[in-house]
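In the order they appear, the protein sequences are chains F and L.
Per my numbering, the first sequence runs over residues 1 to 124.
Per my numbering, the second sequence runs over residues 1 to 246.
Just so you know, the hints here were simulated from the structure itself, not pulled from any lab data.
Being a predicted model, the structure only gives us computed values, none of them experimental.
Yeah, the Cβ is synthetic: ideal placement off N, Cα and C, and Gly gets one too.
Any given hint could be a false lead.
[Claimed, not checked] Subject to a maximum C-alpha distance of 30 Å in a straight line, what follows is the list of computed DSSO-like cross-link-like pairs (lysine-lysine):
{"#": "1", "chain 1": "F", "residue 1": "69", "chain 2": "L", "residue 2": "97"}
{"#": "2", "chain 1": "F", "residue 1": "94", "chain 2": "L", "residue 2": "35"}
{"#": "3", "chain 1": "F", "residue 1": "3", "chain 2": "L", "residue 2": "31"}
{"#": "4", "chain 1": "F", "residue 1": "36", "chain 2": "L", "residue 2": "151"}
{"#": "5", "chain 1": "L", "residue 1": "97", "chain 2": "L", "residue 2": "23"}
{"#": "6", "chain 1": "L", "residue 1": "97", "chain 2": "F", "residue 2": "36"}
{"#": "7", "chain 1": "F", "residue 1": "2", "chain 2": "L", "residue 2": "35"}
{"#": "8", "chain 1": "L", "residue 1": "23", "chain 2": "F", "residue 2": "3"}
{"#": "9", "chain 1": "L", "residue 1": "36", "chain 2": "F", "residue 2": "2"}
{"#": "10", "chain 1": "L", "residue 1": "35", "chain 2": "F", "residue 2": "3"}
{"#": "11", "chain 1": "L", "residue 1": "151", "chain 2": "F", "residue 2": "3"}
{"#": "12", "chain 1": "F", "residue 1": "67", "chain 2": "L", "residue 2": "97"}
{"#": "13", "chain 1": "L", "residue 1": "97", "chain 2": "F", "residue 2": "43"}
{"#": "14", "chain 1": "L", "residue 1": "97", "chain 2": "F", "residue 2": "2"}
{"#": "15", "chain 1": "F", "residue 1": "2", "chain 2": "L", "residue 2": "182"}
{"#": "16", "chain 1": "F", "residue 1": "3", "chain 2": "L", "residue 2": "36"}
{"#": "17", "chain 1": "F", "residue 1": "36", "chain 2": "F", "residue 2": "69"}
[Unchecked claim] Pulled a few chain F residues facing chain L out of the computed Cβ check, cut under 8 Å:
{"#": "18", "residue": "13"}
{"#": "19", "residue": "17"}
{"#": "20", "residue": "59"}
{"#": "21", "residue": "107"}
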Amino acid sequence: MKKTILLVDDEPDVREVLRLPLSDLGYRIREAETGKQALEIFKAMQPCIVLTDIKMPGMDGIELLQKIKQENPETEVIMITGHGDTELAIRSLKNNATDFIIKPINVDALELAVRRAQGVYGKS
Amino acid sequence: MATLGEMATGIAHELNQPLSVIKTASSFSIKKAEKKEPLEADLLFSILTKIDSNVDRATKIINHMRQFAHKSDMGLEKLQVNDVLRRAFEIFSQQLKLRGIEVIWHIEKDLPKIRGDQSRLEQVFINLLLNARDAIEERWGSSEMSSDAAKQITLRTRLQDDTIVCEVCDTGKGVPQELVDKIFEPFFTTKEVGKGTGLGLSISYGIVKDCGGMIQVVPNMDEGACFKITFPVPSKSNEKNNSPRG
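Same shape as in the complex, but just chain F (with noise of 0.2 Å):
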């Protein structure tokens, strides 16, 4: 069966120029917009992987990374920040974050971002 990353981004442009390179690299996409739509999907799916803005309205990215970890330590969360916002970055990875992915977003970062993910998932 497929694995399955959940994409969270509050802009629809954002999110489907990201699902193209991953489902290209075989994933399952599953959307959400909000952080709460976000959460409510991940209960339901519990995917092994989670891609995530951090700016974003209502509950921000680093909110939902810290509730995802409650739910299940085990998932890989990889989170996107915005050029220059290295404090929010260093925040995200005190909260266990896997990885962290700049915008403008290049698909070989994100490729390698979401390879490194899938191999400490895969080992665990």
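Dock chain L against the given chain F, drawing on the hints supplied.
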């Protein structure tokens, strides 16, 4: 006034969104091409459409900045105050959205045009929006906030007798009665040290005055503050005498 740093952060964030869509879409296409893997026609169409529309989005932001920086002299032209308000809002819409601040519009359509300086009045509205944002943030940051209050900015325009009235109202911490005159003085600020220069409202006051208008602060209907700006509607005879520059 919106400081350079604050403007730069806002603009960087707004520009990064379309750039990221373009980068991901193009780097994905390059990768496929390198591996000599075909892209189906409808997929290719979808990718190119995304790139195209996001270049437009970035262009819009850049054009906006260019107009903003363009004029150094005060030039009075005929303008629609609703458009100015809309443009000032657009540049910070993302920031307000991220903070969970709802913006409510009560705009009277087809208002008569006023005479003013487009980019400077835009600065005034940006400044009022930033102040509204800060006032809301400060109130929500303090303990006395009631749970049923909503983070709201209300933007109103209307024609009242021979003047055009614009209001930027917030549900923030409000302006105490004893400060209503002081806040337009240069270097007066109630913000935390390092947060405000205390020049925003005094510069705004000057700009509005140069456009023949008036600015004052009144209490908001619910809670918080309302900044009310009034502009005279140019009379027909006035228009003939003072035809636009050029």
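**OP:** Would you mind confirming whether the straight-line C-alpha gap from residue 3(F) to residue 31(L) stays at or under 30 Å?
**Re:** Holds. Residue 3(F) to residue 31(L) sits at ~22 Å (cutoff 30 Å).
- Task: Quickly compare the C-alpha distance for residue 94(F) and residue 35(L) to 30 Å and report which way the hint goes.
- Result: violated (37 Å)
At a threshold of 8 Å, is the proposed contact between residue 107(F) and chain L supported by beta-carbon distances? holds (4 Å)
- prompt: For the pair supplied as a hint, residue 151(L) and residue 3(F), is the alpha-carbon distance within the 30 Å limit?
  reply: With a Cα-Cα distance of about 40 Å, the restraint between residue 151(L) and residue 3(F) is violated, given a limit of 30 Å.
Interface hint status, residue 17(F) versus chain L (Cβ within 8 Å)
holds (4 Å)
### Query
Are the Cα positions of residue 35(L) and residue 3(F) separated by 30 Å at most?
holds (23 Å)
- Are residue 36(F) and residue 69(F) close enough, with their CA atoms no more than 30 Å apart? holds (15 Å)
Proposed interface contact between residue 59(F) and chain L, which counts if any beta carbon pair is under 8 Å
violated (10 Å)
| query | Straight-line Cα separation of residue 36(L) and residue 2(F) no greater than 30 Å? | reply | Holds, because 24 Å separates the two Cα atoms, which is no more than 30 Å.
Quickly compare the C-alpha distance for residue 97(L) and residue 23(L) to 30 Å and report which way the hint goes.
holds (24 Å)
Check whether the Cα positions of residue 36(F) and residue 151(L) lie no farther apart than 30 Å.
holds (19 Å)
inquiry  = For residue 97(L) and residue 43(F), compute the direct alpha-carbon distance and say whether it is at most 30 Å.
reply    = With a Cα-Cα distance of about 26 Å, the restraint between residue 97(L) and residue 43(F) holds, given a limit of 30 Å.
This entry does not satisfy hints 2, 11, 14, 15 and 20, going by the numbered hints stated previously.
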